[in-house]
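S.K.: Sequence:
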Amino acid sequence: MIYSNNSKINPKLYSEIKEIINYNEKIEETMKRIYLNENEKDFIIERKEKQYKFPKLILIMRSELYRGMFLSVTEDTSNKVTDYSELSNKSFQIFEYWIYSNQIKEGIKITKEIIDEIEIGIDYFQLNQTNPNLFDLLINKFNNQN
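With the numbering used here, the residue at position 76 of the sequence shown is 77, and numbering never jumps.
Read the hints as simulated data drawn from the structure, not as lab findings.
Honestly, I wouldn't trust all of these hints.
[To be verified] Derived DSSO-like pairs: lysine-lysine, alpha-carbon spacing no greater than 27 Å straight-line: (1) K91 <-> K57; (2) K57 <-> K19; (3) K54 <-> K81; (4) K142 <-> K27; (5) K81 <-> K142; (6) K42 <-> K113; (7) K13 <-> K54; (8) K106 <-> K54; (9) K113 <-> K57; (10) K13 <-> K33; (11) K54 <-> K42; (12) K13 <-> K51; (13) K13 <-> K91; (14) K54 <-> K91; (15) K81 <-> K113; (16) K57 <-> K13; (17) K54 <-> K19; (18) K27 <-> K106; (19) K27 <-> K49; (20) K91 <-> K19.
[What the hints assert, rightly or not] FRET-style restraints, in silico, Cβ to Cβ: (21) T31 <-> N144: 13 to 21 Å; (22) I22 <-> E114: 20 to 28 Å; (23) G69 <-> R48: 29 to 37 Å.
Each residue gets a CB set at the ideal place from its N, CA and C atoms; glycine is no exception.
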């Protein structure tokens, strides 16, 4: 038995937890690699000022909106969609980075307006709110910077 904080930890459980942590770290590394690699992005979300590229698989995993869109068509004919979410570019960039990392990019200042926009965007994109939850991250960062 391994002891920690005066409690016994089963070695098998400890080993399983360690495997999960290693697996999560590998997923995080893979997601960062995909975020940086434009060649792996096969779908474009077109906004007024800029186009954002994503792998369809990532959008399927993270958004009910895109899951329904991609899985309901029998032919893969489109690789682009126009975004009507009305998010500001800054809010959309927060959304984009979170999709890959479950984090908010360093150096981003969170305002009440951004929190309000993202809250609407979460509903619009029907985001799968995994831990850490995007809205909770925004609130925590907002509270910590003020």
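S.K.: Each hint needs a verdict: does it hold in this structure or not?
M.R.: Results of checking the hints against the structure:
no. : hint                     : verdict
1   : K91 <-> K57              : holds, 22 Å
2   : K57 <-> K19              : violated, 30 Å
3   : K54 <-> K81              : holds, 9 Å
4   : K142 <-> K27             : holds, 25 Å
5   : K81 <-> K142             : violated, 32 Å
6   : K42 <-> K113             : violated, 31 Å
7   : K13 <-> K54              : violated, 42 Å
8   : K106 <-> K54             : holds, 18 Å
9   : K113 <-> K57             : violated, 31 Å
10  : K13 <-> K33              : violated, 30 Å
11  : K54 <-> K42              : holds, 6 Å
12  : K13 <-> K51              : violated, 50 Å
13  : K13 <-> K91              : violated, 45 Å
14  : K54 <-> K91              : holds, 16 Å
15  : K81 <-> K113             : violated, 31 Å
16  : K57 <-> K13              : violated, 37 Å
17  : K54 <-> K19              : violated, 34 Å
18  : K27 <-> K106             : holds, 19 Å
19  : K27 <-> K49              : violated, 35 Å
20  : K91 <-> K19              : violated, 36 Å
21  : T31 <-> N144: 13 to 21 Å : violated, 31 Å
22  : I22 <-> E114: 20 to 28 Å : violated, 37 Å
23  : G69 <-> R48: 29 to 37 Å  : violated, 21 Å
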